[in-house]
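S.K.: In order, the protein sequence lines correspond to chains A and B.
In the working numbering, each residue carries its 1-based index in the first sequence increased by 744.
In the working numbering, each residue carries its 1-based index in the second sequence increased by 744.
A few of these clues could be false.
Which copy? The list can't say, so a pair holds if one copy fits it or any two copies do.
What the hints assert, rightly or not - Computed cross-link-like contacts, SDA-like style, restricted to lysine to any residue with a CA-CA straight-line distance of at most 20 Å: (1) K762 to Y848; (2) K762 to A775; (3) K961 to L1010; (4) K762 to A774.
These are computed hints drawn from the structure, not numbers from a lab.
Protein chains: 2
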Amino acid sequence: MGDIPRSHPRYNSLIGRKLLTEAAADGLLAASALIAHGRGEAFDYLLGEQTCASARRAISEAAKRLINAENPVISLNGNAVALAADDLIRCAAVVGCPVEINIYYRTPERMAALLKRLGERKEFVAQGKAPEGWSNQHEKRLGNWRTAVESVEILGAEPDGLIPGLEGPRANCCKNGILGADVVLVPLEDGDRCEALVALGKQLLVIDLNPMSRTAKTATVTIVDELMRCSPLLLKDILDGTSSQTEKWENDANLASCIAVMLDSLPQPN
Amino acid sequence: MGDIPRSHPRYNSLIGRKLLTEAAADGLLAASALIAHGRGEAFDYLLGEQTCASARRAISEAAKRLINAENPVISLNGNAVALAADDLIRCAAVVGCPVEINIYYRTPERMAALLKRLGERKEFVAQGKAPEGWSNQHEKRLGNWRTAVESVEILGAEPDGLIPGLEGPRANCCKNGILGADVVLVPLEDGDRCEALVALGKQLLVIDLNPMSRTAKTATVTIVDELMRCSPLLLKDILDGTSSQTEKWENDANLASCIAVMLDSLPQPN
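Here chain A stands alone, though its shape is the one from the complex (with noise of 0.2 Å):
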């Protein structure tokens, strides 16, 4: 694919193209990843390749709720290693929660490749520098940048509890993650699990394109947008936190307006 400028137009779509075919000759991915970043990719298409206002507002409710969380967790599957690793990382860093790796196809292979890299770039982002917004604040709270980063727990590994309602290895999880959560940030999740773990109780917050898939609309909070774009933003609201109430959150109304973007961006019938 070769090296894409950053002036295109459509830099971040061809981005994470190459990051996902990257990511599956790596055997980072399951066979049908591709596919469904594709589909994303459709829907991306119709919002524009834009972080509308409404994944905007997304984005800083996730935020909150994860600052407020007692045992906030943030779940990655392999396209979320290959897209958002690093930026995804650092909002565990600020927030001083763990990453667990939780994949719907699981074989011990790509568990054990997703956390080798989960760990080369966990140490990358500690050697590098603070993220804008880092502040004394934060130091005091959770040390210097890098032991933020050093930190972070990278679970996955072994599993020790079981997802109630799913069958086979996807129910697979940690008690002391995804199991013992309050608040999961998931980007790119299955429906299954998705309606499985909000059966438990947990908030889950979640990042889909297709604001219609049942997992838009069984999650607590929606962000309809695409992870590469939307993760340095939450990352953002999450250096800015307050530790301020979660509003009333309308995640349906949230969800309806995403869809309004889409039909605004297909031309209309004479």
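Starting from the known structure of chain A, fit chain B onto it as the hints suggest.
M.R.: Structure of chain B alone, referenced to chain A:
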């Protein structure tokens, strides 16, 4: 993915995904082919995963144009071979035209894998029974079913022509195939190549689930439908076909009706 029962409401979509991931494992596809398939899935979702009336009209129009062509050809890429090789070979047999493998990311390995697969499918189709609608009329013109299928030339192994206006390997094609054709049926074509072929004065009959794509908007006749679903319908129309002259075809109007179907499928704002 296991066995998918015929009765499953999303049978076609799940089988398509299975065929594509298997074809990828067999080396028939470029890295981005699965992503392209996923984009199609999203648009098909908006179509309700069924052939809309406008697509049905476009299928009939394409059949008429193939029948009335001087030198028709059916151009196939990896996804088309994976999803609908058998029916498209049947179409070529009844039209009495060659098929040409013409892929965007051309490598010797993929060309060899596709030629081998298509040869196998041709043999399978030749040994099978003639499709419903195959008549004495067809026998008189083409010989018996087996002969008709075995007469379908598979081109693409040794391209001896270049499509003007395209650079690199993607310009390669055959003089007695795409380059010499007046009518080209090409499922899932790239926008650049569609434009270059239309600029040569050819009629392009395309199958594309995104009615807003450059290919959809540039082609002479655009079938906005899923390839596995529309191929048997195209075959039926070719078998039924008379030599009646083509009526005035308004492709833009047909695309607009397909977009209207998608608009109707999106939940309307209150």
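S.K.: Reference check for the pair K762 and Y848, CA-CA at most 20 Å: within, between, both, or neither?
M.R.: Between copies, since 17 Å is at most 20 Å while 22 Å is not.
S.K.: Given identical chains, is K762 near A775, meaning Cα to Cα at most 20 Å, within a copy, between copies, both, or neither?
M.R.: Both: 16 Å inside a copy, 9 Å across copies.
S.K.: As a check of your reading, is K762 near A774 (CA-CA no more than 20 Å) within one copy, between copies, both or neither?
M.R.: So K762 and A774 pass the 20 Å test inside a copy (16 Å) and across (12 Å) alike.
S.K.: For K961 vs L1010, is the C-alpha pair at or below 20 Å within one copy, between two copies, both, or neither?
M.R.: Intra 22 Å, inter 14 Å, cutoff 20 Å: inter-copy only.
Comparing the model with each numbered hint stated earlier shows that all of them hold.
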